[in-house]
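Novice: Now for the letters of each chain:
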Amino acid sequence: MENTVVKIDGLVKRYKDLTALDHLSLEIKEGEVFGLLGPNGSGKTTTINCLLSLLSFDKGEIEIFGKKMSPTAYDIKRDIGIIMQNVAVFEELTVYDNIDYFCGLYITDKEKRKQYVEEAIAFVGLEDFKKFYPKKLSGGLLRRLNIACGVAHKPKLIILDEPTVAVDPQSRNKILEGIEQLNQGGATVIYTSHYMEEVEQICTRIAIMDKGKKVAEGTKEELKKMIKNTETIKIEVRELTEEIRKKVSELPHVYLAEYKDSQLTVACSGGKHNLIRVLGVLQENELHIGRVYSELPTLNDVFLEITGKALRDKED
Amino acid sequence: MQVFDLFFKVLKKKYVAALVFIVVFLVISYGLSNSEDHTTEFKESVLDVAVMDEDGTEQSKALTEFIGKKHRIKNVDSDRENMTELLYWEEVDYILVIKKGFAGNLAGGSDELFEEYRVHDSFSSVYMSNILNEYVKTARAYIASGADAEAASRMTSETLGRDTEVTYWSDMGQGPEEYSRWFAHYFQYMPYILISVMLSALGTVLGSLNKRNVRARTDCSSLSPRKATVQLFAASAVFVIVIWLIFIIAGALMKGGMYEGKAWLAVLNSFVFTIVAAAIAMLVSSFDLDDNVVSLITQIVGLGMSFLCGIFVPLSMLSEGVISVARFLPGYWYIRANDMLCGTTAFSAGEFAVCIAIQFGFAAVLLIATMAVRRSKAKDAVY
Chain A
1020 MENTVVKIDG LVKRYKDLTA LDHLSLEIKE GEVFGLLGPN GSGKTTTINC LLSLLSFDKG
1080 EIEIFGKKMS PTAYDIKRDI GIIMQNVAVF EELTVYDNID YFCGLYITDK EKRKQYVEEA
1140 IAFVGLEDFK KFYPKKLSGG LLRRLNIACG VAHKPKLIIL DEPTVAVDPQ SRNKILEGIE
1200 QLNQGGATVI YTSHYMEEVE QICTRIAIMD KGKKVAEGTK EELKKMIKNT ETIKIEVREL
1260 TEEIRKKVSE LPHVYLAEYK DSQLTVACSG GKHNLIRVLG VLQENELHIG RVYSELPTLN
1320 DVFLEITGKA LRDKED
Chain B
10 MQVFDLFFKV LKKKYVAALV FIVVFLVISY GLSNSEDHTT EFKESVLDVA VMDEDGTEQS
70 KALTEFIGKK HRIKNVDSDR ENMTELLYWE EVDYILVIKK GFAGNLAGGS DELFEEYRVH
130 DSFSSVYMSN ILNEYVKTAR AYIASGADAE AASRMTSETL GRDTEVTYWS DMGQGPEEYS
190 RWFAHYFQYM PYILISVMLS ALGTVLGSLN KRNVRARTDC SSLSPRKATV QLFAASAVFV
250 IVIWLIFIIA GALMKGGMYE GKAWLAVLNS FVFTIVAAAI AMLVSSFDLD DNVVSLITQI
310 VGLGMSFLCG IFVPLSMLSE GVISVARFLP GYWYIRANDM LCGTTAFSAG EFAVCIAIQF
370 GFAAVLLIAT MAVRRSKAKD AVY
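Heads up: the sequence lines are chains A and B, in that order. For any residue, its number in the working numbering is found by taking its place in the first sequence, counting from 1, and adding 1019. For any residue, its number in the working numbering is found by taking its place in the second sequence, counting from 1, and adding 9.
Careful, some of the hints might be misleading.
[As the list claims (entries may be wrong)] List of simulated lysine to aspartate or glutamate pairs, DMTMM-like, C-alpha gap at most 20 Å:
#	chain 1	residue 1	chain 2	residue 2
1	A	1087	A	1049
2	A	1253	A	1324
3	B	108	B	121
4	A	1175	A	1138
5	A	1279	A	1250
6	B	236	A	1128
7	B	21	A	1041
8	A	1154	B	299
9	A	1133	B	14
10	A	1150	B	14
11	A	1154	B	297
12	B	22	A	1110
13	A	1155	B	172
14	A	1253	A	1277
15	A	1175	A	1046
16	B	18	A	1110
17	A	1155	B	157
18	A	1253	A	1269
19	B	236	A	1077
20	A	1232	A	1324
21	A	1154	B	300
22	A	1149	B	14
23	A	1078	A	1049
24	B	79	B	94
25	B	236	A	1094
26	A	1086	A	1046
27	A	1232	A	1110
28	B	220	A	1110
29	B	78	B	172
30	B	70	B	57
31	A	1131	B	14
32	B	386	A	1077
33	A	1078	A	1138
34	B	23	A	1110
35	A	1244	A	1138
36	A	1129	B	14
37	B	146	B	159
By construction, these hints were calculated from the structure, which means they are not laboratory data. Source: prediction; values computed, not measured.
Please take these sequences and the hints and turn them into a complete structure.
Specialist: And the structure:
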């Protein structure tokens, strides 16, 4: 049976009238890549701050590695690595010295530390930038340095709070690959993001948060099964009459058919040949069909259906 | 000792501004220490003057005698061709030829009195010309008032030959022997430099170390915040003491010997003010400010306190209103103590102790304020 690494029970955090965390409970098992997914302001970072004892909370309990977490639980902190949302490094230190300093907060043996620092540099691919100062690094390289500072001491639990914000695709892929490697190396990972694609890609289990509450939890397959939608069909078609749209909406397994801006959107729940049936109706009526898409539900659909709003703002 | 080492690694990138302040201060102080003797007393300048009397009358002899009272008369041969050479080699500062017919022309009002050989626009030539003009005007005034030429010359020599008593006044008293004027100046300007060095180096280093994100990362680690704070305090203390020692040792070297007597009190006064300056730097650093803002604050606090508290302008020249404000600043109490040591005001051990205690009080208040700011920030010490 897998050990529980993190157990959060009934966590409540209030800022005056605002309830940032509302009876949040989570259990994270050893070896998982656990995703905390939610829009900005949903309480992800507050959860992490409470988890790390950087922030006191009003109610609830937190256990890490089976022990109660507190600001003075240094034996627990020794096995935690944190990669913060904002890059937290010293501008005055080189890449090597930054990693060495943060690693040194956990590892006092100089020889061992030297080896760990070299390994961390190789892990994030900064071998050619050891003597560079952070100001000279690009945004992506800076993020990699941020990660190296958090994982150099080889923690058992790694917390990554939105590590890919404002990162180029190449660095983002490198970061995600790195997280998978860390997990394969035995580390349990907590990964917060509002990028559902990333969470879908690397997380083995996901909790969706909104307004400080956990609104759903499970594997991505389990989450998608929680909602009505199993397939969304989008077809570019001209001059679709209300009569034809109605015919489509009356097809088996179709629970929504909308026509807007020359695009027919059909949402289905179950069924195996929904696309063929919809196209059949359109061909029967001799309509000219443009591009056709059939999409499986995403976590955004899960979030949309559960909370009634999109996971990400349009500008994201 | 991660945090201790980190302090000095960060300092390596921040020390230049502080070093400039230190070097400039020490260079200026060294320059002042070498020119100290020229400014401590008043003395009339004595010139080497060659006089050639071609008139040979009682009046011309009286003038030669008058010049001899104030200056050194040098005997030179009368070869006029050599005179320019004498001036060039600085064997004499001024050559005066009293022309034949001087006595008559002096009484008659003619300008045909002297022939001068001098270095153009030099101090000695202007000085000597003024003396001769004054002599001629005074002698003619006596003649005009009815005196005969001989009596006029005698009375002129007597009148202009009198010494005037001069009291040399300085904003700094002479003070005890072991605490010279130069020492008083050295310690007087030190607060400005201490504030500037502490803010530009200690302030910016602590500011970097206390930046919210990196501080949060340290707080998440297995190093306790207490240990981190102790290491940070130890590193800051080493820095502060080293800076203070640089000034104290440099002072002793420039003076050319170990401190003695009241000079040790100045050393104590400067140590206490160093703590005050460090406390100011600590408070500023707790606000998580940009280095440029810290630099601006350095100028405002350093110059502001220097002008208000008597560091740049002596307290005796400041208005009561300014002094009332200055009393609320630590620099004022430092200067009051320094003024007592150098003799500007009477020394009183009790009053000196009060000045020291008040400075300690300022340091304590600043440190408490620093802790309060840090505590309020720690409440939301999330990243």
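Novice: The structure should be examined with respect to each hint, and the outcome stated for every one.
Specialist: Evaluated hints:
1. Of the pairs offered as hints, the one joining residue 1087 of chain A and residue 1049 of chain A holds, with about 17 Å between alpha carbons and a cut-off of 20 Å not exceeded.
2. In summary, the hint linking residue 1253 of chain A to residue 1324 of chain A is supported, as the alpha carbons are separated by about 18 Å, within the 20 Å threshold.
3. Our distance criterion of 20 Å between C-alpha atoms is met by residue 108 of chain B and residue 121 of chain B, whose separation comes to about 7 Å.
4. Between residue 1175 of chain A and residue 1138 of chain A the CA atoms are separated by roughly 16 Å; this keeps the pair inside 20 Å, and the hint holds.
5. Pair hint residue 1279 of chain A plus residue 1250 of chain A holds up; C-alpha atoms about 19 Å apart against a cutoff of 20 Å.
6. The hinted pair formed by residue 236 of chain B and residue 1128 of chain A meets the criterion: a straight-line CA distance of about 17 Å does not exceed 20 Å.
7. For a cut-off of 20 Å, the pair hint linking residue 21 of chain B to residue 1041 of chain A is broken: about 47 Å separates their Cα positions.
8. The straight-line distance between the Cα atoms of residue 1154 of chain A and residue 299 of chain B is roughly 15 Å, inside the 20 Å bound, and the hint therefore holds.
9. For the proposed pair residue 1133 of chain A and residue 14 of chain B, the alpha carbon gap of about 16 Å is at most 20 Å, so the pair holds.
10. Between the alpha carbons of residue 1150 of chain A and residue 14 of chain B the distance comes to roughly 18 Å, so the proposed pair stays at or under 20 Å and holds.
11. For the hint pairing residue 1154 of chain A with residue 297 of chain B, the CA-to-CA distance comes to about 19 Å; that is within 20 Å, so the pair holds.
12. About 10 Å separates the Cα atoms of residue 22 of chain B and residue 1110 of chain A, which keeps this hinted pair within 20 Å; it holds.
13. Proposed proximity of residue 1155 of chain A and residue 172 of chain B is contradicted: the alpha carbons are some 74 Å apart, above 20 Å.
14. Only pairs whose Cα atoms come within 20 Å are accepted, and residue 1253 of chain A paired with residue 1277 of chain A is accepted, the gap being roughly 10 Å.
15. Our distance criterion of 20 Å between C-alpha atoms is met by residue 1175 of chain A and residue 1046 of chain A, whose separation comes to about 16 Å.
16. For the given pair, residue 18 of chain B sits about 11 Å from residue 1110 of chain A by alpha-carbon distance, which is consistent with the 20 Å threshold.
17. Taken as a hint, the residue 1155 of chain A and residue 157 of chain B pair is broken in the structure, with Cα atoms around 93 Å apart against an allowance of 20 Å.
18. Only pairs whose Cα atoms come within 20 Å are accepted, and residue 1253 of chain A paired with residue 1269 of chain A is accepted, the gap being roughly 17 Å.
19. The hinted pair formed by residue 236 of chain B and residue 1077 of chain A fails the criterion: a straight-line CA distance of about 28 Å is larger than 20 Å.
20. For the hint pairing residue 1232 of chain A with residue 1324 of chain A, the CA-to-CA distance comes to about 16 Å; that is within 20 Å, so the pair holds.
21. About 15 Å separates the Cα atoms of residue 1154 of chain A and residue 300 of chain B, which keeps this hinted pair within 20 Å; it holds.
22. Pair hint residue 1149 of chain A plus residue 14 of chain B holds up; C-alpha atoms about 19 Å apart against a cutoff of 20 Å.
23. Under the criterion of a C-alpha separation no larger than 20 Å, the hint pairing residue 1078 of chain A with residue 1049 of chain A is inconsistent with the structure, at around 25 Å.
24. Proposed proximity of residue 79 of chain B and residue 94 of chain B is contradicted: the alpha carbons are some 24 Å apart, above 20 Å.
25. Restraint check: the Cα-Cα separation between residue 236 of chain B and residue 1094 of chain A comes to about 15 Å, which is no more than 20 Å; the hinted pair holds.
26. Using a Cα cut-off of 20 Å, the hinted pair residue 1086 of chain A and residue 1046 of chain A holds, with the two alpha carbons roughly 14 Å apart.
27. Our distance criterion of 20 Å between C-alpha atoms is broken by residue 1232 of chain A and residue 1110 of chain A, whose separation comes to about 37 Å.
28. A distance of roughly 11 Å separates the Cα atoms of residue 220 of chain B and residue 1110 of chain A; the hinted pair therefore holds under the 20 Å criterion.
29. Pair hint residue 78 of chain B plus residue 172 of chain B holds up; C-alpha atoms about 11 Å apart against a cutoff of 20 Å.
30. At most 20 Å may separate the alpha-carbon atoms for a hinted pair to count; residue 70 of chain B and residue 57 of chain B meet this at roughly 18 Å.
31. Taken as a hint, the residue 1131 of chain A and residue 14 of chain B pair is honoured in the structure, with Cα atoms around 18 Å apart against an allowance of 20 Å.
32. For the given pair, residue 386 of chain B sits about 19 Å from residue 1077 of chain A by alpha-carbon distance, which is consistent with the 20 Å threshold.
33. For the given pair, residue 1078 of chain A sits about 40 Å from residue 1138 of chain A by alpha-carbon distance, which is inconsistent with the 20 Å threshold.
34. Taken as a hint, the residue 23 of chain B and residue 1110 of chain A pair is honoured in the structure, with Cα atoms around 11 Å apart against an allowance of 20 Å.
35. Between residue 1244 of chain A and residue 1138 of chain A the alpha-carbon distance is near 41 Å, which puts this suggested pair outside the 20 Å criterion.
36. A distance of roughly 13 Å separates the Cα atoms of residue 1129 of chain A and residue 14 of chain B; the hinted pair therefore holds under the 20 Å criterion.
37. Proposed proximity of residue 146 of chain B and residue 159 of chain B is supported: the alpha carbons are some 15 Å apart, at most 20 Å.
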